[in-house]
Amino acid sequence: MTFEIDPEAPAQIVRREFLRQLSAAGAAALMAGTPRLLNASEPGSVKHPQASADSCILLWMAGGMAAPDTFDPKRYLPFKQGLKVADMLSTFPAIPTAVDGLQICEGLEGIASVMDRATLIRSAVQPDLGSILHSRHQYHWHTGYVPPQTVATPHLGSWMARVAGPRNPVMPAFINIGQRLEGVGESEELKAFTTAGFFGSEFGPLNLPYPEEAARSVRPPQGMTGQRFVNRNKLYRRLIDKSPQRELMSDYQQESMLRSMDKAYRLLSSQERDAFDITLEPEAKRQKYDTGRFGRGCLLARRLVESGARFVEVTTEYVPFLHWDTHAEGHTTVDRMHKEIDAPITQLILDLEERGLLDRTLVIIASEFSRDALMEGQPGSNAKDQAREKVDEVSEMKHYGLHRHFTGGTSVVMFGGGMKRGFVYGKTAEERPLMAIENPVSIENLHATIMTAMGISPQTGFDIEGRPFYVTKDAKGEAVQELFA
Amino acid sequence: MISRYIIPVVIVLLIDVTSFVLASPVDFAHEVVPILKKHCAGCHGGREAKGSFSLNTRKLWLESGFVDPQKPEASYVLELVQSRDPEMQMPPRDKPRLSAKEVATLKQWISADLPWEAGYSFGIVAYEPPLKPRRPDLPLAEDCRNHPIDRLIDRYLSQHELPRPAPIDDATFLRRVHLDLVGLLPTPEELKAFLADCSVDKRTLKIRELLADDTAYADHWLSFFNDLLRNDYSGTGFITGGRKQVSGWLYESLLYNKPFDQLTQELIAPPSKDSRGFIDGIKWRGNVSAGQTVEIQFAQSLGQAFLGINLKCASCHDSFIDRWTLEESYGLAAIYAERDLEIHRCDKPIGKTAQASWLFPELGKIDASASREIRLQRLADLMTHPDNGRFTRTIVNRLWHRLLGRGIVHPLDAMQTRPWDEDLLDYLAVSLRDQKYNLKQILELIATSEAYQSQVEVVEGAESSDYLYRGPRARRLTAEQFLDGVWQMTGAAPDKFDAPIFRTKVEQAEVPELELHARWIWGDSAKETPPPDETIVVRRMIDLSAGVKWGGAVLTCDNSHVLYINGQEVDRGQNLAQIRKLSLHKFLKPGINEITAVIQNGGTKPNPAGFLFEARIELENGQQYWIASNESWEWNPDVPAERKGRLGRISENWKPVTIVKPADKWTEIVDDQVRERLAEVATGKQPMIRASLLKNTPLMKSLGRPMREQIVSMRPSQLTTLEAIDLSNEASLAEAFTEGAKRLIEHSDGDPQRLTEYLFLYALSRPPTPEESDLVSQLLGDSPQPADVEDLLWSVCMLPEFFLIR
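One line per chain: the protein sequences are A and B, in this order. Quick note: the first sequence uses the working numbering, first residue 1, plus one each step. Quick note: the second sequence uses the working numbering, first residue 1001, plus one each step.
Hint data in this document are derived by calculation from the structure and do not stem from the laboratory. Misleading hints may appear alongside valid ones.
As a list, the in silico DSSO-like pairs of lysine-lysine whose alpha-carbon atoms are at most 30 Å apart [unchecked claim]:
#, chain 1, residue 1, chain 2, residue 2
1, A, Lys-84, A, Lys-384
2, B, Lys-1701, A, Lys-234
3, A, Lys-473, B, Lys-1283
4, A, Lys-390, B, Lys-1644
5, A, Lys-384, B, Lys-1644
6, A, Lys-476, B, Lys-1352
7, A, Lys-473, B, Lys-1059
8, B, Lys-1107, A, Lys-476
9, A, Lys-384, B, Lys-1348
10, B, Lys-1037, A, Lys-473
11, B, Lys-1348, A, Lys-476
12, B, Lys-1701, A, Lys-263
13, A, Lys-390, A, Lys-339
14, A, Lys-242, B, Lys-1192
15, B, Lys-1095, A, Lys-476
16, A, Lys-420, A, Lys-74
17, A, Lys-476, B, Lys-1283
18, A, Lys-384, B, Lys-1244
19, B, Lys-1742, A, Lys-242
20, A, Lys-473, B, Lys-1348
21, A, Lys-476, B, Lys-1037
22, B, Lys-1258, B, Lys-1549
23, B, Lys-1037, A, Lys-47
24, A, Lys-47, B, Lys-1095
So the derived list for chain A, only partly shown, Cβ under 7 Å to chain B, looks like this [stated by the list, open to error]:
#, residue
25, Pro-147
26, Ala-152
27, Glu-189
28, Arg-232
29, Leu-239
30, Asp-251
31, Tyr-252
32, Ala-264
Using N, Cα and C, we set each Cβ at its ideal position, and we do this for glycine too.
Okay, chain A solo, but in the shape it has when bound:
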């Protein structure tokens, strides 16, 4: 796929030959104390794998999606008074999918119908961190490192932005949809990993908490017409041309500043910015996605990927005790979550396929850990039980659900992007504890798999403060080769 710069957009402000710009950018990066790629002295010593995906969409089930109530159904017992919590494994019955012999939970009929395009990992595992703090586990999942860390760790989207770069020069490489970072619980902890860390903000996320308002972030300021925006930029460029400091234009700092201003202007006045406006989608199609903020986020993600985004995360949003974070009312809440995610995820897969993009787009459904009706953490954990209602027997509907955080085995679904289709990898025990008992996949190896698909070696490292820092912890992540088609 190629991209054209909007013919309306003006030529670049800095009219210098391309190579000069490159070298200036390199110099600038060095002076900023920014990290340098390791092994640069030996070209080829880190070999990037052949990419099987150009874009990645991470559908984040924030708060701990219970695998037994979604993609890994176990023994189902319907709600009844007197039901022993210890007997409860799944609160939804299993349903068939498009793959023979593969079952997932009732409520996900749409996704079931497209599971023949999916690789389902049922044995993803997380370490026990001694205490459950969602944001800390999410930090680990998103960066590959457990906080605190001595350097600011980049989000996996920033790794892609930094190493693979933008697919379309106008389109920000890392876009983060649906998570508010102000005014919600643990927001400071969420901000700590929603960042490019030591790579610097060039590689950081464009945050779009409300998909329906995304268009605003790439539009001229409120109240400014398109024509005025163009005129403002013309004025700006003339002032630069007339500046008595013209002779300092060769200065690297000045040059990089002008280049960034130019790129921003190009996005804000380009056709790509329409990708951010979901109201431009035909009404019928929009309806199919519109189950709520997450559904609209999926639609936005599809539009952005079509326009050349590299990495897009869409979250059901983490808010303590809401959504997937079911400390009580688990069954009722998950039923609602099914309704929120099923249609848009299904539609996203079908749309990408229809547009011929699914083969080169890796779509991942994941969560920081699973849940269980009885077990907090995993066997042997010191984690404190945080369930709201601690009962042995179910007497009311609010007791019916998986209310503990479980880190011993969870499900990750991957569509497209070079992964096998209709494939199941790993499994969990049939009886509690529902540990991954076959082919456990650590966060390091999961990241290695994702990075490999994106054409990034899991051993890619940068020298920061004189120390090596790798995309997978200590460069030890290994891609799960069996997952690749």
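Starting from the known structure of chain A, arrange chain B on it as the hints suggest.
Quick look at chain B alone, frame taken from chain A:
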């Protein structure tokens, strides 16, 4: 596209091969080193340590577990180099294998217990910086350039046959020095007055004037220290009580220009909880890897902030990049530790407990058996020891970087690097000691030099490793400088701030005029003499009709108090003579507020007891109030159980308080202090609210203000695309420009020429050129419209000339 920066890794042999004589059958230098260099060092030598294996030193070999001199044939490294498994083999499959002869040599070497040449390392040659201070001889002045810095720099430039950068004009000087010393733009009025001033020493006087503006200085340098001490008003850790700010203490230290040695001592061995936050670090709930415990954080923060030593490597294993070892990191950590600290290498215990010790025992030792308090105090003394040149060099280098754009040692946190001029660094460092650690004196020393007052170097190409000083470097405005500058011109600064600090330095003359309303209060027992250890609760409900713009309280108690506002603990005091002061605006809300204190008497027999509280607040609607302990307060004998930071439930058993006649010692110790402290909190005169006093915002974050979970001593120098997007359309900024446009029109009575001139003078410290005037007058016409002025204002603020300090 994958970018690659080509940097040659230099591996230098430190041995003198000609003098190498060894009776051993294996010749390390001639046989082993070439094999390792050819096959292994690319990934495991120098700075590289793939798979956490570094072959730099013999010790690292032995610790790696890859060799077994007892059973050489069982050594893992031999298995790797002989393996046929493509996944396992070393070197990796795309590289040539070791020959059989080379394998045999390695095996022989391991069998012989790894003979090594003393001092040899595959690592980069380490420059070991001097520890002691050194007073360099100043060279003779050239061309009457007498300033000590210029005498040193002029010699440096002659030695390197480099031209002297040209001096800057007054306007450039004024803009630069303003932004550097107090972080603000000079106003057009100030600029005109400065240009019109004919006195020869006007630059020096201006430097002194700016440094004497205590509030502006503190507002500006607060960001520098917040970055250095990773202090902020919001961020990770606060949620679980795992982190404490030092903001109030820090701001006051800057406001009163506390000497840097004292400031450091108070951080390392905190005299009160107000400066504890730095050594306590950030505690995350749950298990933390051995390299990230609060004790190790202490070692890392201390090393980085005050010594420019990166102990992050050495917190996990002996450093590959400098001389610091795992044991030294743990030794430093153990000074802080209250538990036995088991040394972990790469997260695995090595069966050894850390002994409290510090990095430069030549200056003095730490008694590991002493109490923690004494260990910390000793460390504070050693750190600020007059002979600790590393300490003074580290901070003066940071100041030089702030004012001239690049460190004398660079990067700033790698103080083991050779400075480009040792004499200059050493001179600044001893000057700091000579000046009794007065940072303002060093800033003055630097800013008054011709070197500082000269033109910036235009940097075109890639920076080579052999940097030469050719003049100051341009610096981009920080997030805070940019916003402050925009707010200065637009009047759009917010009207309240988040930092729990007081911005006013009290002049003694103002103090006596303050009227005190507070009276000493206690419960019924004060009608006689209160019993020892009596604990009661006092409270006052207040109803506020609007939010609080600013507010502060002073309080004290005989003997101790815990103060709660709306159920949340906000202050604690145990010493009558130490008057507590407290910033109120973040705790009070519109509507009913409950101010409650749990107060306790001391002693062993009945003795006087009393509590004193006085506050001044201003609401957002402009109303000003005082709140003071008096007969309107109530007391309650039922003391709630203590719950972490929250006030427990209290019975409804409230009665009016007793006004206590002040004991003599109260009046003596307390009255003047209360008045003085109250004067600090009670002023409504606010200079413009500065960005440094606000919580981090998405806009500031994108403009490069760090999150302060880690120490950041150098902000990004480049403007990124995401920042540019924010600059182009971020809502609060766009509003500021809209507001600013109206203000500019008003200010110039709608006269386009005056408007343009004023804007250029303010933003760029120069009038517009005729060409620029023409351009702008075409845009504005005869009567400027707000939208056009807004676009002009935006365009000027986006010019590199505005964004860079030159």
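Going through the earlier hints one by one, which of them does the structure break, listed in rising order? When the structure is compared with the hints, none of them turns out to be violated.
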